[in-house]
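J.: Taking the hints into account, I'd like the entire structure generated from these sequences.
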Amino acid sequence: MDDLAPGYPSNILDEDRQGVLGRPLDRVDGPLKVAGKAIYAYEYAGQGKAAYGFIVGAAVATGRILAIDTAETSRLPGVVLIMTHPNVPTHRAYVTSGELPSGQPPYGVGRPFLADGRVRYHGEPVALVVAESFEQARDAAARVKVSYEAGPKPATRVKHEAAHAYAPKDVRGFLETDSSKGDFAGAFAGAPVQIDATYDTPFQNHHALEPHASMAVWQDGAVTLYVAAQLPIDCRDVIADTLQLPPEKVRIICKFVGGGFGSKLRTEADAVLSALAARQLGRPVKIAFTRQQVVVNAAHRTESIQRVRLGAERGGRLIALAHEALEHTSTFDEFAEQTVDATRHLYAAPNRLTTHRLVRLDLPMPGDMRAPGEAIGMLATEQAMDELACAIGLDPIELRIRNEPKVHPETGKPFSTRHLVECYREGAQRFGWDRRPAQPATLRDGRWLVGYGMAASIRSNFMATSQARARLAPDGRLTVQTAMTDIGTGTYTILTQIAAECLGLPVGQVTAEIGDSDLPRSPGSGGSFGAGSSGSAVYYACMTLLDRMARAAGLNDPSLLAIKHGQVSVGGQTMPIDAFMAQYAPQGIEADGEIKPGQEMRDYSQNAYGACFAEVGVDIDSGEPRLRRMLGVFTAGRILNAKTARSQATGGLIWGLSSALHEEGLIDERYGKFMNNDLAGYHVPAHADVVDVDAVFLPEVDDKSNPLKSKGLGELGICGSGAAVANAIYNACGVRVRSYPITLDKLIFDPAFPTPD
Amino acid sequence: MNIFDYLRPATVSEAVAAASEPGSAYLAAGTNLLDLMKGGITRPRRLIDINHLPGLDRIEHLPGGGVRIGALVRNSDLAHDSDLTRRFPAVAEAILSGASAQLRNAATVGGNLLQRTRCSYFYDVASACNKREAGAGCEARGGDTRLHAVLGWSESCIATHPSDFCVPLVAFDAVVEIEGATGRREVPLESFHRLPGDAPERESVLEPGELIVSVRLPAEAAAFSAHARYLKVRERTSYAFAVVSAAAALRIEEATILEARIALGGVALKPWRTRTAEEMLAGARPDLAAFRRAAEAALADAKPSGDNAFKIELARRIVTRALVLAAAGTPERVPALPASPFAPVPGVLLHA
Numbered sequence: 001m002d003d004l005a006p007g008y009p010s011n012i013l014d015e016d017r018q019g020v021l022g023r024p025l026d027r028v029d030g031p032l033k034v035a036g037k038a039i040y041a042y043e044y045a046g047q048g049k050a051a052y053g054f055i056v057g058a059a060v061a062t063g064r065i066l067a068i069d070t071a072e073t074s075r076l077p078g079v080v081l082i083m084t085h086p087n088v089p090t091h092r093a094y095v096t097s098g099e100l101p102s103g104q105p106p107y108g109v110g111r112p113f114l115a116d117g118r119v120r121y122h123g124e125p126v127a128l129v130v131a132e133s134f135e136q137a138r139d140a141a142a143r144v145k146v147s148y149e150a151g152p153k154p155a156t157r158v159k160h161e162a163a164h165a166y167a168p169k170d171v172r173g174f175l176e177t178d179s180s181k182g183d184f185a186g187a188f189a190g191a192p193v194q195i196d197a198t199y200d201t202p203f204q205n206h207h208a209l210e211p212h213a214s215m216a217v218w219q220d221g222a223v224t225l226y227v228a229a230q231l232p233i234d235c236r237d238v239i240a241d242t243l244q245l246p247p248e249k250v251r252i253i254c255k256f257v258g259g260g261f262g263s264k265l266r267t268e269a270d271a272v273l274s275a276l277a278a279r280q281l282g283r284p285v286k287i288a289f290t291r292q293q294v295v296v297n298a299a300h301r302t303e304s305i306q307r308v309r310l311g312a313e314r315g316g317r318l319i320a321l322a323h324e325a326l327e328h329t330s331t332f333d334e335f336a337e338q339t340v341d342a343t344r345h346l347y348a349a350p351n352r353l354t355t356h357r358l359v360r361l362d363l364p365m366p367g368d369m370r371a372p373g374e375a376i377g378m379l380a381t382e383q384a385m386d387e388l389a390c391a392i393g394l395d396p397i398e399l400r401i402r403n404e405p406k407v408h409p410e411t412g413k414p415f416s417t418r419h420l421v422e423c424y425r426e427g428a429q430r431f432g433w434d435r436r437p438a439q440p441a442t443l444r445d446g447r448w449l450v451g452y453g454m455a456a457s458i459r460s461n462f463m464a465t466s467q468a469r470a471r472l473a474p475d476g477r478l479t480v481q482t483a484m485t486d487i488g489t490g491t492y493t494i495l496t497q498i499a500a501e502c503l504g505l506p507v508g509q510v511t512a513e514i515g516d517s518d519l520p521r522s523p524g525s526g527g528s529f530g531a532g533s534s535g536s537a538v539y540y541a542c543m544t545l546l547d548r549m550a551r552a553a554g555l556n557d558p559s560l561l562a563i564k565h566g567q568v569s570v571g572g573q574t575m576p577i578d579a580f581m582a583q584y585a586p587q588g589i590e591a592d593g594e595i596k597p598g599q600e601m602r603d604y605s606q607n608a609y610g611a612c613f614a615e616v617g618v619d620i621d622s623g624e625p626r627l628r629r630m631l632g633v634f635t636a637g638r639i640l641n642a643k644t645a646r647s648q649a650t651g652g653l654i655w656g657l658s659s660a661l662h663e664e665g666l667i668d669e670r671y672g673k674f675m676n677n678d679l680a681g682y683h684v685p686a687h688a689d690v691v692d693v694d695a696v697f698l699p700e701v702d703d704k705s706n707p708l709k710s711k712g713l714g715e716l717g718i719c720g721s722g723a724a725v726a727n728a729i730y731n732a733c734g735v736r737v738r739s740y741p742i743t744l745d746k747l748i749f750d751p752a753f754p755t756p757d
Numbered sequence: 001m002n003i004f005d006y007l008r009p010a011t012v013s014e015a016v017a018a019a020s021e022p023g024s025a026y027l028a029a030g031t032n033l034l035d036l037m038k039g040g041i042t043r044p045r046r047l048i049d050i051n052h053l054p055g056l057d058r059i060e061h062l063p064g065g066g067v068r069i070g071a072l073v074r075n076s077d078l079a080h081d082s083d084l085t086r087r088f089p090a091v092a093e094a095i096l097s098g099a100s101a102q103l104r105n106a107a108t109v110g111g112n113l114l115q116r117t118r119c120s121y122f123y124d125v126a127s128a129c130n131k132r133e134a135g136a137g138c139e140a141r142g143g144d145t146r147l148h149a150v151l152g153w154s155e156s157c158i159a160t161h162p163s164d165f166c167v168p169l170v171a172f173d174a175v176v177e178i179e180g181a182t183g184r185r186e187v188p189l190e191s192f193h194r195l196p197g198d199a200p201e202r203e204s205v206l207e208p209g210e211l212i213v214s215v216r217l218p219a220e221a222a223a224f225s226a227h228a229r230y231l232k233v234r235e236r237t238s239y240a241f242a243v244v245s246a247a248a249a250l251r252i253e254e255a256t257i258l259e260a261r262i263a264l265g266g267v268a269l270k271p272w273r274t275r276t277a278e279e280m281l282a283g284a285r286p287d288l289a290a291f292r293r294a295a296e297a298a299l300a301d302a303k304p305s306g307d308n309a310f311k312i313e314l315a316r317r318i319v320t321r322a323l324v325l326a327a328a329g330t331p332e333r334v335p336a337l338p339a340s341p342f343a344p345v346p347g348v349l350l351h352a
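Taken in sequence, the protein lines are chains A and B. For the first sequence, the working numbering gives the first residue as 1, with consecutive numbering after it. For the second sequence, the working numbering gives the first residue as 1, with consecutive numbering after it.
It cannot be assumed that every hint is accurate.
Unchecked claim - Think about it this way: if two alpha-carbon atoms lie no more than 25 Å apart in a straight line, the pair counts; the simulated DSS-like pairs of lysine-lysine are:
1. A:K145 / B:K38
2. B:K303 / A:K49
3. A:K181 / A:K406
What the hints contain is simulated information worked out from the structure, not anything from laboratory work.
T.: See below:
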C-alpha cells in the first residue's frame, strides 16, 4: 500500500498565523441581507422595460395537447407574448441522461420547454404568457384554454408499480446500481439474530425561501441571465446549449441565492423561458415561480420503499447486511437516487448486498435534495440498526462500535480519517445518553412519554475542479474571484477567511467576488463540495500571489516574505502592505489558482461523520410526537468557520427532524397532482418545534481531502438525524413506525402504544 | 385581469350600501382574502375596505357583564386584553393558538369568522369544488382526505372550518351582530355558519351586503372562567391548523359539575357544539369516567369522510383531555404554548 497518494503537505493554513480561518466570523454579507441590500435574481431592475412571464401548467398528467386557444388571452390588455409548443422558437431537443457520454452529469445540457404537444406530468409547462405586469401575466395565463387528449391513468406511487421495477445502468454520481460481497443469502439465513424490515419514505418537495426566478436581458446577440442558480457555469452551458449559442454569449449572474438545497442545480423553466421570451421580445423578461409552481417545476425527492436485512451474531457483530431500495424516476428521463450508498461505507459485515431498482411514474423529474441518497437511505438503515440493538438487548452505540470497520467494508480502501467512534462517545457524554431508558415506554414526564434515540451520520466527501483568481490592489486590498455561489451557506465568508489567512490580512481588507459565470470556473454549490473545491482554488491563487510578491521584492525564496495583520516582513524590514505595493508592485499583482481531484480522491474513502442524538416526547393522549432536544457531534476535517459550519449542521439536524415528523408531498393518485403545494399544507418544523438543537465539531484535519484539509459538511447533519428521532419515538412509546413521516395517527392506533391513564 | 374597484367607505351604512352590489367583498386585514385573490380562487369585482370604519375596533365590557368585541379588533389586541383573558380565558387561549404572531397582529375578529376552508381542492382552481363553484362537484371526495370533516359533512362538501377562535365562542353562546341594508340583526354563532348540505357555496347566513360589526359574549360565559380550556392538536407545535381541537368549560361546585360546555374544531364545516355531551355532564362528578362518556357522546354521530377515521378517536381523546384540564382549573397565565396538550420543556423560551 506504499503507493498511496501522500496527501497535502503542511502549509500556511496549519500555521494559523493570521488567526482568521476557522473562527466564528459573522457573515460578511450579513449586513447587506438584513438591510435588504442583497439583490436576488428577481429584484434586479429591468432597466424600466422588463416584461413579466407566467407559466401555464398542464391540467392532465398524461396525454397530449389537442389545441391551445389563446384568442381571449391575446386580446387582454398588457399581454405581449404567448408562447406555446406550436410557436416556440426552435431550440434544442431533450437529451436524456442516458444519451449523455458516460460520466457527464446532466446539469449542463440543454433543457427544452414547450417543445412538443406531449404531456408528461401534471403541471408541465404548456404555455408562457408574457405581459407588461406580473398581475396581467398571471391573470392572462389563467385564461389560456388548453384542450387535451387525456392519456392513461397516471402511475403515481412506487408501491403500485413495483411489478415494473427495473435496474438502472448506474445511479446518481455514476455509482454502481448493485454491490455484493460474500454470500449474503446464506449468511443471513444462518444468522442467529435477523432483522428484516421494510421502510418507506415519502415524496418531499423543495421550498427554498426564494422561489426559482430569472430575468433575461439581451444585448448584441448575447444574453445576461440573472437567476437563482447553484451552478453558474452549468447554468450558462444549459442556456447556451438550449438556445444553440456559444457559451461566451451567455452570462449568468447569481450574487445571492435564497436557498438551493439541490433544487437550483438544474436550470429550470424560469431560466430557459425567460431567455427565449426576452430574445423574441427584444426586452428583458422576468419569470418567477409561485410557491405552488415550485412543487412541479423544480425537482422533488424520490419516494422510496427500502428493505433492510441485518443478520448478526448474538453479540451484535453483523454477519450479513442487505439494503435494497425501490424508488422512482420519471417516464421521460432517469434520476436514480443513490439511496443505499451510505450502507456501502458505514458498517463492517463480511456478507453484503445493496441494490437500487426504479419504477417510472407520471410525475415531474425527481432530483437532488439535500444529501440525496443518505438522507432517505439512513432513515431506513439507522432505524434498522436500532431494531437490531433492541432485539439483542445491546446499547445502540455499542452495537455500532462493534461493527466499526477498519477499512472500507466493500473496497478495502483506507479511510482518509474516520473518527466516528469518537463522535459516538463524545455525543453520548454530552447528551447524557446513560439516562436513556433501556426499555421503551418506561420514562414519563407528565403526559409526555419520553424517549432517547441516536443514529450515525456519514456523508461522502467530494471535490470538483475549481479555479480562482486573487488580485492584490496597490492599496493592499485583496479581491478573490471565482464563479462560485453562496446559497446561504456562507461562501462569501469562508472564501474571505481563507484568503485573509493566506495573505496575512485583516478580513476587512479582503473581498470575495462570486456569483458570475464570467469569473474563473467553479463547480458551484452542490454535493457539499463547494467550500473545499472553491476554497482550495482560492488557496492556490493566494499562494501563487505570495510567490509573485516575493519575486517582485527580488526574493527567490517566497518563505522569506511573511505577512501578518497587513504588515509585510521582507528582508528584515517590516512595512504596511500598501507601502510594500507602492515600492514593489505599484500596478498591483494578480494570480490564478486551480484545484483538481487528485489521486487522494481515488486512494482513500473520504467521508464526514457524526453521531446524532434526539430526545422526544410523545403525548400519551394525542400521540403528538415532539422533539425535546437534539445534538449532533461531527467530524469534517478542518472547520473553516465555526459559526457557518454549526449553522449548516443544525440546519441539517432540523431537516432530519422534519423528515421524521413532518414532510410529505401528498399526491392525488387519480390525477397525478401534488395537492399540498404551500407551506400551510406542506409542513416543516416551526420555531417552536426546534427547541434545543446543537451541533459540535470535533477537531480534525484531513490531509487527504484538499489543501484546506476540510471535508464537505453542508449535507452531513441531515444524514441519520431523522432516524435518531424515529428511534427516540420508539424508545418513548414502544411503537416502531417504518413509514415516514411519523404522524400521530401512526402512533396512537398501534397496539403497542400505551393506553391513556 | 380581474380589475376590481376599491372603495373605502367612511361609515358602516356606506359600507353596507357599497357592498350590496353583487360581486362585492369586504376587506379587513386580508390575511385570507388576498391569498385567495392571488390564486384566482375568488375574484371579487369590488373590495370594500372596512379598516377605517369608526367604532369597530373596540372591546366593550358591557354593564351586564358581557363583552362586545368589534369586528375590526385585531386578534393580538383581543388576546392581550386583560379583562378578556381573565373572564374568558379559553377564548384568549384559542386565539393565541392560531396562525403566527405576525398574522395575529393583522387578522380581525370578523375576518376570523369568515375565513375560508383550507381544503386543498378548494385552493386548487383546477379541481372541482362545490364551494368555489356551485354544482361543480367535489373532488376532495375520494382524494386526499386525511384532514377532512367527520361531522356534519355531505356528499357535496367534506371541508372543515379552520377557526380556533370560533370554537370557544360557540361553546359560550356568542352572538354575531350584523348590519345590513335593513338594519341590525343578531345571530347566534352556532347558527351563523351553515353546514354544507347540498349548497356548500353558502357558508354563512349573511345576506349580500351584510357586515359583521361585532361579536358579543354573554355575561353567563364568564361563570366558567375558573374551569375553561382550549386544546388543539396540530401536526407541528405552532403555525398549523387544528387536526382536531376542543373547547371545554365547566361550572363546578362542591365537586359536582353544574354546567358544561363543549365544542370541537377541525371536525366540521362549522365550530361544532356538542349539547348532548354537555347535558350528560350536568350533575356529574368531574372525573375521568364521566369525561370519557361525554367524549363518546360528543362523537356519537361522527363518521369518516375519507382516510380520516383517526380523527374521530383523536377527537374523543382531546375532548376528554380538555375536560380533564378544565376540571383541574384554568391556569393563572395562558401557557407558553397556548392550547398545546403538553407543557414546554422547562426553562426553554418558546416562540409559538
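J.: Determine for every hint whether it applies to the structure shown.
T.: Here is what the structure says about each hint:
| no. | hint | in the structure |
| --- | --- | --- |
| 1 | A:K145 / B:K38 | 19 Å, holds |
| 2 | B:K303 / A:K49 | 57 Å, violated |
| 3 | A:K181 / A:K406 | 17 Å, holds |
Hint 2 from the earlier list is the only one contradicted by this structure; the remaining hints agree with it.
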